[in-house]
Each structure stands twice: as structure tokens, then as C-alpha cells.
Amino acid sequence: MKRRQVDAESIVKYSARWQDMQLLVVVVVVVVVAVVVVVVVVVIVVVVVVVVVVVVAAVVVVIVVVVVVVVVIVVVVVIVVVAVVIVVVVVVIVVVAVVAVAAAAVAVTAAAVAAAIVV
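Under the UniProt record's numbering, the first residue of the sequence shown carries the number 1, and numbering increases by one thereafter.
These aren't lab readings, by the way, just hints derived from the structure by calculation.
Careful: at least some of the hints might be erroneous.
[Claimed, not checked] Pairwise CB distance ranges (calculated): (1) VAL41 with VAL74: 33 to 39 Å; (2) VAL85 with VAL108: 32 to 38 Å; (3) VAL76 with ALA105: 41 to 47 Å; (4) VAL40 with ASP20: 29 to 35 Å; (5) ILE86 with ALA107: 28 to 34 Å.
Backbone N, C-alpha and C define an ideal beta-carbon position, used for all residues, glycine too.
Using the sequences and the accompanying hints, generate a full structural model.
Pasting the structure below:
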């Protein structure tokens, strides 16, 4: 069996290959770490955007509900006020009618009394 001789040139070649492999490993690790960092940042940004959109949508829904409730309250108040005004007008008409009937009765009575006095 021949023993393999190790000369300086083969040592240099082996060393250069080893350094190339180390550099390749470092580059691969750096690229993988960079990709992981970018993916994590993108996921965080997407989560933040989704949370902001959900919060804004919730605020808009709350504002719409409050506006609808206020409009309903205003409509109910207007209906109640109109109903009260109608009731007051009807009461005034009834009072005026009663007063007119009473005045007519007084006039008829006065006329009857005057006629009785004349006779």
C-alpha cells in the first residue's frame, strides 16, 4: 500500500475548500436569518393592520348605532310633541264649543226672560 503524501499544495487546496465551505455556510445562515426576520416583520405588520381595521370597523359600527339610536329618540320625541299638540288643540276646540254652547244657552235664557218680562 502506498502512503499518500501530503504536500503543501494539497494542504492549501483543502484549506481553501474548507474556507469556501465555511463562507457558504455563513452566507446560507445569514440568508435564512434574513428571510425569517422579513417573514416575522411581514406577519407583525399584517397582524397590526388587521387589528387596526377591526378596531376602526368596531368604532364605525358603534358610531352608526349611536346615530341610529339618537335619530329614533328624536323621532319619538317629535311624535310625542305632535300628539300633545293635537290633544291640546282638541281640548281647546272642545272648551270653545262648550263655551259657545253655554253662551247660546245663556242667550236663549236671556231672550226667554226678556220675552216673559215683555208679556
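A quick look at each hint next to the structure:
1. Between VAL41 and VAL74 the CB atoms are about 49 Å apart, so this pair departs from the stated range of 33 to 39 Å.
2. In this structure, VAL85 and VAL108 meet the distance hint of 32 to 38 Å, their C-beta atoms being roughly 34 Å apart.
3. The hinted range of 41 to 47 Å is satisfied by VAL76 and ALA105, whose Cβ atoms lie roughly 43 Å apart.
4. In this structure, VAL40 and ASP20 meet the distance hint of 29 to 35 Å, their C-beta atoms being roughly 30 Å apart.
5. Roughly 31 Å separates the CB atoms of ILE86 and ALA107, a value that falls within the hinted 28 to 34 Å.
Hint violations for this structure: number 1 only, all remaining hints satisfied.
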